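Trainee: Read off the chains here:
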Amino acid sequence: MASIEQGKQAIMLSKKHKAGLLNFLSAQGILVFFLICMFAFSLFSEQFLSQSNIMTVVRQASIIGIIAVGVTVVIIGGNLDLSVGSMLSFSTVLVVDLHDKIGPAGAIILMFVLTLIIGAVNGFLIGFMRLNSLIVTLAMLSAIQGLVLIYSGGKNVDIANQSDTWFAFFGRGYVLGIAVPVILFAILAIIVQVVMSHTSYGRRIFAVGGNPAAAVYSGIRKNWCVFSTYLISAFCVSCAALVLGSRVMGSQNNVGQGYELLVLAGIILGGTSLLGGAGSIWKTIIGVLILGFIQNGLLLLGYPYYTQWLVTWVIIILAVWLDLANKRKRLFTTHS
Amino acid sequence: MLKNAAIATSVFMVTTTIAHAEDPYRIGITQNNVGVDSYQTTYESAFEQAADELDNVEVVVLDAGGDVARQIGQVRNLIQQRVDAIIIWPTNGQAVIPVIRQAHNAGIPVVVTNSKIAEAGLEYIAAFSGPDNVQQGASSAEMMCDALDGEGQIVQIAGQPGYTTAMERSQGFEERLAEACPGVELVETQPADWNREKAQRVMENFLTKYDDIDGVYAGDDNMGVGALNAAKSADRAEEIVFIGATNFAVGYEAIERGEYYGSIYQSPVDDAEAALQTALDVLSGEEVPKMNFFETPKITADNLAEFEKPVF
Chain A
1 MASIEQGKQA IMLSKKHKAG LLNFLSAQGI LVFFLICMFA FSLFSEQFLS
51 QSNIMTVVRQ ASIIGIIAVG VTVVIIGGNL DLSVGSMLSF STVLVVDLHD
101 KIGPAGAIIL MFVLTLIIGA VNGFLIGFMR LNSLIVTLAM LSAIQGLVLI
151 YSGGKNVDIA NQSDTWFAFF GRGYVLGIAV PVILFAILAI IVQVVMSHTS
201 YGRRIFAVGG NPAAAVYSGI RKNWCVFSTY LISAFCVSCA ALVLGSRVMG
251 SQNNVGQGYE LLVLAGIILG GTSLLGGAGS IWKTIIGVLI LGFIQNGLLL
301 LGYPYYTQWL VTWVIIILAV WLDLANKRKR LFTTHS
Chain B
1 MLKNAAIATS VFMVTTTIAH AEDPYRIGIT QNNVGVDSYQ TTYESAFEQA
51 ADELDNVEVV VLDAGGDVAR QIGQVRNLIQ QRVDAIIIWP TNGQAVIPVI
101 RQAHNAGIPV VVTNSKIAEA GLEYIAAFSG PDNVQQGASS AEMMCDALDG
151 EGQIVQIAGQ PGYTTAMERS QGFEERLAEA CPGVELVETQ PADWNREKAQ
201 RVMENFLTKY DDIDGVYAGD DNMGVGALNA AKSADRAEEI VFIGATNFAV
251 GYEAIERGEY YGSIYQSPVD DAEAALQTAL DVLSGEEVPK MNFFETPKIT
301 ADNLAEFEKP VF
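First to last, the protein sequences are chains A and B.
Going left to right, the first sequence walks through residues 1 to 336 as this note's numbering numbers them.
Going left to right, the second sequence walks through residues 1 to 312 as this note's numbering numbers them.
Treat the hints with care, since some could be wrong.
What the hints assert, rightly or not - Here are the simulated lysine to aspartate or glutamate pairs, DMTMM-like style, with alpha carbons at most 20 Å apart:
(1) A:K155 to B:E253
(2) B:K290 to B:E119
(3) B:K232 to A:D164
(4) B:K309 to B:E273
(5) B:K309 to B:D270
(6) A:K101 to B:E44
(7) A:K155 to B:E259
(8) B:K298 to B:E259
(9) A:K155 to B:E308
(10) B:K116 to B:E44
(11) A:K155 to B:E119
(12) B:K309 to A:D100
(13) A:K155 to B:E142
(14) B:K116 to B:D67
(15) B:K298 to B:E142
Hints were generated in silico from the structure; no laboratory data involved.
The model shown is predicted, which means the values in this text are computed figures rather than measured ones.
Take the sequences, apply the hints, and build the full model.
Mentor: Here's what the structure looks like:
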């Protein structure tokens, strides 16, 4: 009798153990994978874990990271924003072009205002008109690209005097040895994370994304909440444009092309659900850093940068699978 | 009978000459993607201006917006309109061949401008007019060799993968470097899609990876200046020679400041005018060679003054 009990206990224990491992993998799997990747790259390239390389990667990742912070809020609120890539082109061309015409201060202010107006248009159409966010922002993606080309007439814009302008601070400056883009990224991420997890505004966004009907019944003004997430997204894009324009000191018309997908990849990698109502800024930061280190690692190993798209795809599938596996408590389904 | 035919032909020829004196040549052009960069934008306005200055030319200016399907549709349209000649800036060197053949079969001469089409299509075109990108790559290799005194370690930042111009420049550069300059070693090549910000990122990674870089060859100045930006941030610009192609205004200024060694001067105005002239030569029945390259000289601090600053 005792041996049967013991056997049962052993089986229970192993099941529990297995579930524990699964839980751990799905909760922290992406972090584990990240560490394995870092370790593997460091075996093949001695510079990979050097301080200067890590600083380079974090600095390079901060433009996508800054945008991803805003888009994460939109996604938690239950919508999508695919217009951020074009919006980044728009804001960067604008701030660089206006820099020589009206001075850096005026250029920055005007750029923020106009970008926020675009965000407000998105927010109005999606929040108040209740149009589908995928379609609205996809249409906005091409509309803004057209707007940029009309504005610039197809020409590249450049800042003429690159050495004596304080505008250089945002993309090239350092404070206490840390690059300014990284500092901006960190500040934005901390503020937004605190707002999302410690204020009633943040809880309302989670409620609206998680269960819109219940949110409305409990007196939350859903329209305004959704509207505001697009303002946050546009604000983050403006900050990213500041960094990008200052870093390059010029802009092509399609400079932000494809950023919307890189941003989404970072967010999904981090583990924020595209269905809304869940997610966090921390996760997004990890996702964005993984993307950055993979791209850098592959370059250091001598592969062309587009191999990262393939690798990213594998990791995204893995991340989504582990997430699902956790929800159904097993790795593979048994029924069809 | 034969005599009649001869008379008929000569009468026909006379009437066509008269007709031509009265009606201008109608030339249709379909461009690759105007507005995507300054070169193509300047090309379009230069082409229209050159046509305006000639009395005997009327042009139909179209743009494919980078879309192969749209470009094919535009060529079909031009065939329908019975223009006298078609100039095409191919969106894709392979996919436009069938429709070029249609134009050829309809008796409309086709001039390919700026970017070549694949070998299989050459028999259907009247002429190609544009820069010699292989030669440009070779010229850049020669400049690199001069600048480094035949010894050093360099990296290459190439244009968009699969784009003919990018491939030809790389090919010309690598071949000439190997034969003329065995002491200079090309340690790595990475594409940056003609994009300055990407080039800057690629260069930052190169700077981390290699402690010793003596030179950078970029597929155009836009990317070259991105690489220069990265090297300046890392305080390593002094020790590196930068050489580009398609001289941009930013590259011209960097040469002026002494930060950038040299480039290849390629004017979109020359490019557009050469295309129109080639089409007119074909129409007036001149013997036109298949390949017409307009001149794209080397530009360095020594001869900078001879060139106007590019408008793009």
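Trainee: Starting from the hint list further up, note which numbers the structure goes against and sort them upward.
Mentor: Of the numbered hints given earlier, those the structure breaks are 6, 7, 11 and 13, listed in rising order.
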